[in-house]
Amino acid sequence: MRRRDRHGRGLRGPLTPPQAPVSRTRAERFDDLVAGEVARLGGRWERELAQVEFVVEDVPDVGPDPVDTVPLGGTEPGEPGRPVRIVVYRRPVEARAEGEAATSRLIRDVLVEEVADLLGMSPESVDPSYDSPDD
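Counting in the numbering used here, the sequence shown runs without a single skipped number right up to 142 at its last residue.
No lab work stands behind these hints: they were computed from the structure. Misleading hints may appear alongside valid ones.
Claimed, not checked - Here are the computed distance ranges between Cβ atoms for each label pair:
hint, residue 1, residue 2, range
1, P71, S136, 34 to 40 Å
2, D138, G70, 28 to 34 Å
3, T76, D38, 42 to 48 Å
4, T32, R89, 14 to 20 Å
5, A108, P78, 18 to 24 Å
6, P67, A27, 29 to 35 Å
7, A109, E83, 24 to 30 Å
8, P24, R51, 34 to 40 Å
9, T32, G127, 35 to 41 Å
Note that the structure is a prediction, hence the values are computed from the model and not measured. Think of the CB as a built atom: it goes at the ideal place given N, C-alpha and C, for glycine as much as any other residue.
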């Protein structure tokens with residue numbers, strides 16, 4: 008798409024093609040990280056997670072009362088016609104992690120903890136590479 012000639016600089020177009028990785032937004036890159044971790048966990052727990060929906064939301068709904076800590080993720084119970092949902096909150100995770108590698112590790116930890124809670128197991132049983140935050 009070309010835009011009008013502003014300030015005599017000539018016609019302007021996109022700097023990079025839309026399929027280039029640099030063209031992806033932060034939210035899209037975050038979604039990709041979550042999808043990668045879900046696929047990795049799904050490879051090991053495919054049967055148990057078949058009816059679970061994984062969702063990314065920007066921020067949690069904490070209500071009008073002040074809270075001490077903002078959750079990074081959560082599990083919403085299923086209802087008739089809707090599966091159990093595991094939610095990862097993008098903005099709190101990005102606020103706590105510095106850089107893409109730290110964001111990826113934090114996403115992994117949040118998903119492992121939520122899946123472990125859902126399955127009634129320890130996080131280390133769900134994913135042996137899980138590092139307990141208490142260590």
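Let me make sure I understand: some of the numbered hints might not hold for this structure. Which ones are they, in numerical order?
Violated: hints 3 and 4.
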